[in-house]
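Visitor: With the sequences and hints as input, model every part of the structure.
If you read the sequences in order, they're chains L and R.
Start counting at 1 in the first sequence, then tack on 100, and there's your number in my numbering.
Start counting at 1 in the second sequence, then tack on 100, and there's your number in my numbering.
None of these hints come from the bench; they were simulated from the model.
Positions of the beta carbon are idealized from the N, C-alpha and C atoms, including for glycine.
It is possible that some hints are incorrect.
As the list claims (entries may be wrong) - In silico contact screen, one side only, chain L against chain R (beta carbon under 10 Å); selected entries:
1. H115
2. Q145
3. D164
4. P299
5. S368
Claimed, not checked - List of simulated lysine-lysine pairs, BS3-like, C-alpha gap at most 27 Å:
6. L:K194 / R:K192
7. L:K227 / L:K252
8. R:K192 / L:K192
9. L:K149 / R:K371
10. R:K192 / R:K339
11. R:K369 / L:K192
12. R:K250 / L:K149
13. R:K369 / R:K337
14. L:K369 / R:K149
15. L:K194 / R:K149
16. R:K252 / R:K194
17. R:K149 / L:K371
2 protein chains.
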Amino acid sequence: MKVTILGNNSALPAHGRYPTAQVVNISEQLYLIDCGEGTQMRLQQFDVKSSRIDHIFISHIHGDHYLGLVGLISSQSLLGRLRALYIYCPAKIKEYITMQMPWSLGFELHFYILSDSEHTVLLETPKVQISCFPVYHSVPTHGFLFVEKKRKRVLLPNKLKDYEIPKYFYPRLAEGEDYVNNQGETILNEWVTEAGHLPKRYAYCADTRFAPEILTTIHGVDLLYHETTYLSDNHEKAKLRFHTTTIEAATLAKEAQVKSLLIGHFSSKYKDLNPFLSESQSIFNDTMLAIEGQTFEV
Amino acid sequence: MKVTILGNNSALPAHGRYPTAQVVNISEQLYLIDCGEGTQMRLQQFDVKSSRIDHIFISHIHGDHYLGLVGLISSQSLLGRLRALYIYCPAKIKEYITMQMPWSLGFELHFYILSDSEHTVLLETPKVQISCFPVYHSVPTHGFLFVEKKRKRVLLPNKLKDYEIPKYFYPRLAEGEDYVNNQGETILNEWVTEAGHLPKRYAYCADTRFAPEILTTIHGVDLLYHETTYLSDNHEKAKLRFHTTTIEAATLAKEAQVKSLLIGHFSSKYKDLNPFLSESQSIFNDTMLAIEGQTFEV
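Guide: Have a look at this one:
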């Protein structure tokens, strides 16, 4: 699981930085989170294949998180897309999109409306479970949680040979089954396989005020993306506008015992982003700046 | 009068080229024509002051000509704009914009709805008259014509001295008045001034099929911007999609006896734009490519 940043700025684009968008890559299946203006250009610039995006998740109705959608969808049609596209978004966004696209696309567009309430599973694939949970902004807003499915067990070639296990049974071994041979002997799974990696977890939280309410949901994730619109001296402004400061995001990361913290959604008032890194690292050392075009391993 | 190209590509952004947008600069008053996705970023990149744009003209309802509007307007509000903003556009665009901006901006947003019919004056300022006229695309579409007001006469300093004309009268001389001195003698305007430059005219035509119908309107303009979505071998496709080829645009420029031709709205299928230039120049030599970031004197 990898995350590529397409846009890291807050509402007003500035200093060459674009509004919010990022792509989660799970075995070359791409999931787009938010889609600010210019996302389709960013995908091109950073050589991300937009045709591999089948699911788009929109956190809330502010323009800097969705204004690139109509352009991206239209372009998919012009590019000859046939596969359905699924959009998980607030009801209003569906309205905006369908109003501006009265013509028929070459593919099906499905909307899943995000409601305001609970932690809800949106999508289950063989590789990942994706859910949304409420965060706390000036309008109803959702964070997203990506949880890899339990990794398959890793087969040990020499042991498979020693125990003469037929190839057709390998997939079932990977799922954890024991094997019973023709002599009726049980070959325990743990004799011929070893544990796969632990399933990775990625949480996305933007836009939101400092929200200890989400601690349980994000506890122990491998990577937490959290907005830090302001440096800590703008604490009051952050509160007023339902945004988060560096210190607050880092405190949350520390309390939630996440492995790494990725910060973004920077206010246009800041040209230099280094103070964001140093302030956050003063509380939580394993912090990274969500630089556009960079890819982060979860 | 100058024109700066912000986006020169057709619907699908490609090769680093953006969808249609350009700025007409008349004595540092800026007029935006079309506003494709990413226009606000292009304005920043090319160091064009968006705060100086008071009037925006949208040719038609296809996304690559208006999808940057909501972002641009929102950003003007975030930047603290107070001056009213005037948008001349099809009725549907007004609907899309107002639907997506239910909150109050810090400034007034006025819409002038473009109707389908005649050559219509949209705006008169002391320096320019701007009108729209129908062009011929798959949906109702307008071209725009910018006509400078008659230039003031140029004062001749030595002659003003010889005839002892008082300074307070200079502005009236520039307007063409004669001066009568204390002795009752008439000093003819032509003795102390010379003609200013001829008023410049700029015409914008996109998107449209090859349309001899507009010849009268664009006759003799100093600069004609005309779409050339395709090279000439795609003549049939151009016709089918209500677009124009290089040869067609150049033929129109020649027949209309315009001074210069600026071509843009290139299909994403072309990476190299040089064939557009050479094909067009084979018919009309004074052709230029509308390269993004470049400014053209009218």
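Visitor: When the hints from earlier in the document are held up against this structure, which numbers fail?
Guide: Hint check: 4, 11, 12, 15 and 16 fail, others pass.
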